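Colleague: Sequence:
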Amino acid sequence: MKATGIVRRIDDLGRVVIPKEIRRTLRLREGTPLEIFTDREGEIILKKYSPMIELTAFAAQYAEAMAQSTGLMACITDRDQIIAVAGGPRKDLLQKTISRQLEHAIGEREVISAVKDDKVFIPLSAEEVEGITAQVIAPIICEGDAIGSVALLSREPRARMGDTEMKQVLTAAGFLGRQMES
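The sequence shown begins at 0 in numbering that gives the first Met the number 0 and counts up by one.
Please note that the accuracy of each hint is not assured.
Said to hold, decoys possible - Label-pair restraints from in silico Cβ distances: (1) Ile44 to Pro122: 24 to 32 Å; (2) Arg39 to Ala64: 37 to 45 Å; (3) Leu45 to Asp117: 34 to 42 Å; (4) Arg8 to Arg177: 38 to 46 Å; (5) Arg89 to Val6: 19 to 27 Å.
Don't read these hints as lab results, they were simulated from the structure. This one's a predicted model, so the numbers in the text were calculated from it and none came from an experiment. Don't be surprised by glycine CBs; every beta carbon is placed ideally from N, CA and C.
Throw the hints in and build the complete structure from the sequences for me.
Modeller: Encoded structure:
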């Protein structure tokens, strides 16, 4: 565990303020769900909770089916990281932190269809992956909350995403959102 040198007191309602620097670094914002753990030494551990983690195996299978049917790279994310990749190099994307632009797009519930040179084109992860030329991205909505995204990506030089790809990511996002609700 990394010491920060910051000490906070518990208030009369049992609350502790997480310092702004730590919230910014860990991308914690108002409403972010946290799991609370304790260990035998009396430490309290706060961990970001992602409801999408429960669907990781299912998301991987869904991404694989999308990649096989489209011939494109399929990715599924939660609000923090890429949880499933198929049809492309997994090591470049799997479990990588999503980009701030994608985090914003998910929060704003934006559906994005773009080619590399468009202003609306956004990197999927914080570490940009080479060769992505076109993308279509849709947010996953569960019980009114945006909890992740589904993306189809192309590496073809003059690729354009059309209505078919748009409908596929919207269908996948809707289906995954409903899976989380049940």
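Colleague: Range first: 38 to 46 Å. Now tell me if the beta carbons of Arg8 and Arg177 are that far apart.
Modeller: holds (43 Å)
Colleague: If you check the beta carbons of Arg39 and Ala64, does the distance land in 37 to 45 Å?
Modeller: About 43 Å separates the Cβ atoms of Arg39 and Ala64, which means 37 to 45 Å holds.
Colleague: Does the Cβ distance between Arg89 and Val6 fall inside 19 to 27 Å?
Modeller: violated (42 Å)
Colleague: Note whether the CB distance of Ile44 and Pro122 lies within 24 to 32 Å or breaks it.
Modeller: holds (31 Å)
Colleague: In this structure, is the beta-carbon distance linking Leu45 and Asp117 contained in 34 to 42 Å?
Modeller: With Cβ atoms ~38 Å apart, the hint holds.
Hint compliance for this structure: hint 5 is the single one not met.
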